[in-house]
Structure formats: C-alpha cells, structure tokens
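*Asks:* Sequence:
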Amino acid sequence: MLGSTIIEINGVFLGAAILVSTSGARRFYAAHDSVRALHDELLPDLGTLQQRIRQHVRKLSLS
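Position one of the sequence shown corresponds to residue 1 (UniProt numbering), numbered consecutively onward.
By construction, these hints were calculated from the structure, which means they are not laboratory data.
There could be a bad hint or two in this list.
[Claimed, not checked] Using C-beta positions, here's what the derived DEER-type ranges look like:
#, residue 1, residue 2, range
1, Ser63, Gly3, 30 to 38 Å
2, Leu2, Leu62, 31 to 39 Å
3, Leu62, Val20, 15 to 23 Å
4, Ser23, Ser63, 17 to 25 Å
5, Ser23, Leu60, 25 to 33 Å
6, Thr22, Leu62, 33 to 41 Å
7, Ser61, Ser21, 17 to 25 Å
8, Pro44, Phe13, 22 to 30 Å
9, Ser23, Leu62, 14 to 22 Å
Where is the CB? At the ideal position from N, CA and C, for every residue including glycine.
I would like the entire structure built from these sequences, with the hints used as guidance.
*Replies:* Set out below in structure tokens:
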C-alpha cells in the first residue's frame with residue numbers, strides 16, 4: 001500500500017481510498033454498510049472514486 005485517503009460524506013466515515021499504483025489507481029475499502037457494494041472497487045484516480053461513491057450514496061437516498 002502506497003497511501004490512503006479517508007472518504008466521508010456529511011461527516012460519516014465511509015471507508016478509505018487506497019493508492020495501489022504510482023499511476024494513481026485507487027481501491028476502495030468500504031467501512032460503512034451503505035457502500036459495502038463498492039468494497040474493493042478499483043478506479044483510475046481519487047476523483048473518479050469519490051464521484052462513484054457520491055453517485056452511489058445519492059442513488060440510495062433517492063430510493
């Protein structure tokens with residue numbers, strides 16, 4: 001592991017974005033049940049991962 005970034009929305013800790021390569025690719029480690037479906041998802045960069053998580057949480061709140 002090269003590094004990690006905490007992911008939270010509205011003060012709720014959802015998990016961590018783990019840097020897995022020098023190219024910036026991140027793997028999501030879900031720590032909250034609301035994002036468990038995204039656990040271990042690999043995306044090309046932190047911004048894309050954060051956007052994916054926000055979309056997922058937004059979709060859940062509209063359901």
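*Asks:* Now tell me, hint by hint, if it's right for this structure.
*Replies:* Verification of the supplied hints:
no. : hint                      : result
1   : Ser63 / Gly3: 30 to 38 Å  : 34 Å, holds
2   : Leu2 / Leu62: 31 to 39 Å  : 35 Å, holds
3   : Leu62 / Val20: 15 to 23 Å : 31 Å, violated
4   : Ser23 / Ser63: 17 to 25 Å : 34 Å, violated
5   : Ser23 / Leu60: 25 to 33 Å : 30 Å, holds
6   : Thr22 / Leu62: 33 to 41 Å : 37 Å, holds
7   : Ser61 / Ser21: 17 to 25 Å : 32 Å, violated
8   : Pro44 / Phe13: 22 to 30 Å : 23 Å, holds
9   : Ser23 / Leu62: 14 to 22 Å : 33 Å, violated
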